[in-house]
Amino acid sequence: MPAGVLGTEVAPTLLGFAHVLGWAVYIGGAVLMEVVWRPSQEHIPPAQVNVVCSFMGRRYRWIALVALAVLFLSGVGLLLESGHLSTTSPIFRPPLVLSNSYGRTMLALTILWAFLFGLLLMLGVVAHPALHVRMSTDMSNEERRAARAAVGQAIRRMDVLLRVELAGAGLAAFLGTTLRFGGIL
Amino acid sequence: MTSELMKIAAAYLHVIGVAVYLGGAVIMEFVVGPAQKSIPPAQAMVLGQKVADRFLVFAWSALGLILASGLLRIFTIRVESFLFGENVFSTPYGKTLLTMVCLWGVLVVNGAIITFVLRPKLSGRMAAQVSAGQAQSTQDAKLKAAKWTTWLTRVDLGVAFVIALLGVSLAQTKGTGLWW
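Chains A and B are the protein sequences, given in the same order. Just so you know, the first sequence maps onto residues 1 to 185 in the working numbering. Just so you know, the second sequence maps onto residues 1 to 180 in the working numbering.
One should not assume that every hint holds.
[Said to hold, decoys possible] Label-pair distances were calculated between CB atoms; the ranges are:
| no. | chain 1 | residue 1 | chain 2 | residue 2 | range |
| --- | --- | --- | --- | --- | --- |
| 1 | B | Pro41 | A | Ile155 | 24 to 34 Å |
| 2 | B | Thr138 | A | Ile155 | 36 to 46 Å |
| 3 | A | Leu121 | B | Glu80 | 41 to 51 Å |
| 4 | A | Phe72 | B | Ala135 | 51 to 61 Å |
| 5 | B | Gly33 | A | Pro129 | 17 to 27 Å |
No lab work stands behind these hints: they were computed from the structure. Virtual Cβ for every residue (Gly too), placed ideally from N, Cα, C.
Make the full structure from the sequences, and use the hints.
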């Protein structure tokens, strides 16, 4: 075993810590929203739920986006540190090649990361604002009904997207875990 | 093959346990807590109690998963001598592992204080026929319990960060741990 650590192996440890922290905030946040927050909000009036959700949605999306960005940057840093990725040609070095299970798993993980990042952007830019439609006083009954139906549809779409996000995050964590054992694909 | 699968399963469950505890605590502190201030105090109190009740179940489950998967991980990667054998105090790996277990114990103790001492004080209802003095002292006790809960939760978050850092150091430094 190597002797002293401070000064020699601090960089990979800090990169690994940032990577774990990114995962923790992203997955832990997604699970908490699904298991803790959503059932709890049923106990307060819908108008207040709307206010809290609007506040939380804005903040949580940014935190989740930062967590995913930290994941990507620290992941690249870890690959550079381990020598699997290089800034000179060839950029990808064994085992980070498609002929190796490690390389294929890493490719799947990168695609999944891009999918989750896109999903988060969609949640923040499209799905979340659609939940908070304001009813104006000059709306006709027909327009109000249509607006309520649109919000109901947005809530259902949000439910589906959040569950897809949670499943994607769980799968990504699994693929990431297998990398330590040489990958799984 | 079975042993490889066990290693992967143990590592995956450990990652999920840590992610759920640490990530959940971060989101509770920086998203859910501040969000409660955006609604009237009475509604915020109801919401806070419901969220806290569910979060405690969530946190205890994560702590249990961390311990169970951690032990499974120790045995599947065959480093049990660093926790149960003579290598505990003589190697950096053993000392780091022992520190992690002790800090996990701190999380359990703090969790027990919050669950069994502070939460009952916070959720207790005031009787209808109480004097103004009794009502005031009950209110003061609740405020004190709320302050202690906030303080202990933040300590837990800090401890969880240190545990994660130590855990990563075990994996990233090929067994030397971060210190010693």
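Status of each hint after checking the structure:
Between B/Pro41 and A/Ile155 the CB atoms are about 27 Å apart, so this pair conforms to the stated range of 24 to 34 Å. The given range of 36 to 46 Å is respected by B/Thr138 and A/Ile155, whose C-beta atoms sit roughly 39 Å from each other. Distance hint check: the CB atoms of A/Leu121 and B/Glu80 are about 45 Å apart, consistent with the given range 41 to 51 Å. Here the CB-CB span from A/Phe72 to B/Ala135 is close to 54 Å, well matched to the stated 51 to 61 Å.
Distance hint check: the CB atoms of B/Gly33 and A/Pro129 are about 24 Å apart, consistent with the given range 17 to 27 Å.
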